[in-house]
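Same order as they appear, the protein sequences are chains A and B.
Note that the numbering used here has the first sequence beginning at -15, numbered continuously upward.
Note that the numbering used here has the second sequence beginning at 4, numbered continuously upward.
Just so you know, these hints were derived from the structure itself, not from any lab.
Quantities reported herein were computed from a predicted structural model and do not represent experimental measurements.
A virtual CB, placed ideally from N, CA and C, is assigned to each residue, including glycine.
Take the hints with a grain of salt, since some may be wrong.
As the list claims (entries may be wrong) - One-sided and incomplete, this derived list gives chain B residues near chain A with beta-carbon spacing under 7 angstroms:
hint, residue
1, Tyr99
2, Leu101
3, Pro104
4, Ala106
To be verified - Calculated pairs, DMTMM-like style, for lysine to aspartate or glutamate (alpha carbon to alpha carbon, straight line, at most 25 angstroms):
hint, chain 1, residue 1, chain 2, residue 2
5, B, Lys44, A, Asp40
6, A, Lys27, A, Glu67
7, B, Lys40, A, Glu67
8, B, Lys44, A, Glu55
One-letter residues, chain by chain:
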Amino acid sequence: MVEIIREGAAPARAVVSGRTVVMSRTRRVVWETPGLVLADQVKGLPGVLYVFERLDPDRYAVFVVLQGADESALDAVFDAERELYERFPAIPFDVRVLSHGERAGLEGLRSSSVVLLDRA
Amino acid sequence: MSSSPEVKSFLLADNVFQDAQGKWCIIGAFDRIVAAKFPCKHPALGLFFKVADAVGEFDVSVEFHDSAGRKLSQIEGLRVRIPDRLSEPGFGLTAYDLPIPKAGTYYVRLFFNRAPARGQDIRLEASHGG
Chain A
-15 MVEIIREGAA PARAVVSGRT VVMSRTRRVV WETPGLVLAD QVKGLPGVLY VFERLDPDRY
45 AVFVVLQGAD ESALDAVFDA ERELYERFPA IPFDVRVLSH GERAGLEGLR SSSVVLLDRA
Chain B
4 MSSSPEVKSF LLADNVFQDA QGKWCIIGAF DRIVAAKFPC KHPALGLFFK VADAVGEFDV
64 SVEFHDSAGR KLSQIEGLRV RIPDRLSEPG FGLTAYDLPI PKAGTYYVRL FFNRAPARGQ
124 DIRLEASHGG
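Just chain B, with the same shape it has in the complex (with noise of 0.2 angstroms):
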């Protein structure tokens, strides 16, 4: 039986990609938008998770929630699969097109077959700026 992953580590960035040689490079890791005017869309926003402590099948979404808890968007249609308890498999994903309603404070989370991830949401603080 499948149980849900542990999420060793979530983080943000400008651009997540693989090398040839399978190395994950997150360049850019942040935790703050900052835009001249709201609301706005950010246009292209890495994500990175590295998982642990499962073994399966999972259907992976994400989700943008404001500090009130509102559903804001969403990402889905994502199956990993995880061979083997043992090993912790990181994923890159690079989403286009955020919107961003106001400055502020939100959080990204993630969902293994519908259910929240074991493990910490990004807090990411929206404000404005130049």
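In isolation and in its complexed conformation, chain A is listed as follows (with noise of 0.2 angstroms):
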């Protein structure tokens, strides 16, 4: 956790591991949605070649397109799919796990969707 801390005119300053430090430039962060979180547990894990999101009406679909993957990488795929469940209550999602091939409709996926990992 970083902690902003702004009084008076003085630079804002940042709390950082108990050390405070001036911020000469804004606090960076990163927009979360399932996929998005996902994509970043997944990064770097073999076999994990694409993640997609797509909004659909009632939910985000998440796809992970997996390509000679292992079981202990189909498992931690899972672990982290299960995690966003908690951090996310408030988003409906799913999470769909394709294989490489023809039935993944890479072509399909690309156009209706954001493209968020692409190790390929």
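Using the hints, build the complex out of the two chains.
Below, the structure is given as structure tokens:
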């Protein structure tokens, strides 16, 4: 946790790990959606090729496309998915895991979704 | 006891930063995003807000909603301290990678300690263009 402190006209200070530093730039943050967080968590796993996110009428659909992923990578994707439900209680979503190939319909996903991870 | 801050200003801009003298620089304020195609991801968005009538420490979150009131994305993990009720401090953020699913009307909303801030949301129009 970074604490942003602004007092009077003095420059903002941030307390990071108990140390006070002067902020000469703004705090940098990242928007969070289920897909963005999942993509960040699985980007280092072997066999994870793409992550797409599409807003369907009632929920986000997050697509994880795998190629040659082993059992442990698959388990890691599902573990990450479970954590998302606690992190986003107010954002309905589901996660779909696809094998890279004809059925993945990559071109359709590319045009209808935001590409969050592309390791191809 | 801490009361929820009143939002005096809330702006989106291309760049929000603080100079060496502590002045906030808000460059390229906007309320419309034009994209060649949707869905898209807006690479960087500056947010500036100025608050008043509060004292204490507050967890701050920012939410992005569509026109139906659905929460689409969020920023969490921020904490601000307002030392003096008479002060009107400003805070700036640069937020990256906002997914925008389609053209339409969206709202950016501020929350303090998980309660909606007193003040106006930002209305953001996303449309097709060049």
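Results for each hint:
Interface hint status for Tyr99(B): upheld, as the beta-carbon distance to the closest one in chain A is roughly 5 angstroms, under 7 angstroms. Interface restraint check: Leu101(B) against chain A, minimum CB-CB distance 5 angstroms, threshold 7 angstroms, status holds. Below 7 angstroms, beta-carbon pairs count as interface contacts, and Pro104(B) has one with chain A at about 4 angstroms; its hint therefore holds. The interface hint given for Ala106(B) is violated, since its Cβ lies 12 angstroms from the closest Cβ of chain A, which is over the 7 angstroms cut-off.
Only pairs whose Cα atoms come within 25 angstroms are accepted, and Lys44(B) paired with Asp40(A) is accepted, the gap being roughly 16 angstroms. The suggested pairing of Lys27(A) with Glu67(A) holds, with an alpha-carbon distance near 16 angstroms, which does not exceed 25 angstroms. For the hint linking Lys40(B) to Glu67(A), the alpha-carbon distance of about 31 angstroms lies beyond 25 angstroms, and the restraint is violated. Distance hint between Lys44(B) and Glu55(A) is unfulfilled; the C-alpha atoms sit about 32 angstroms from each other, more than 25 angstroms.
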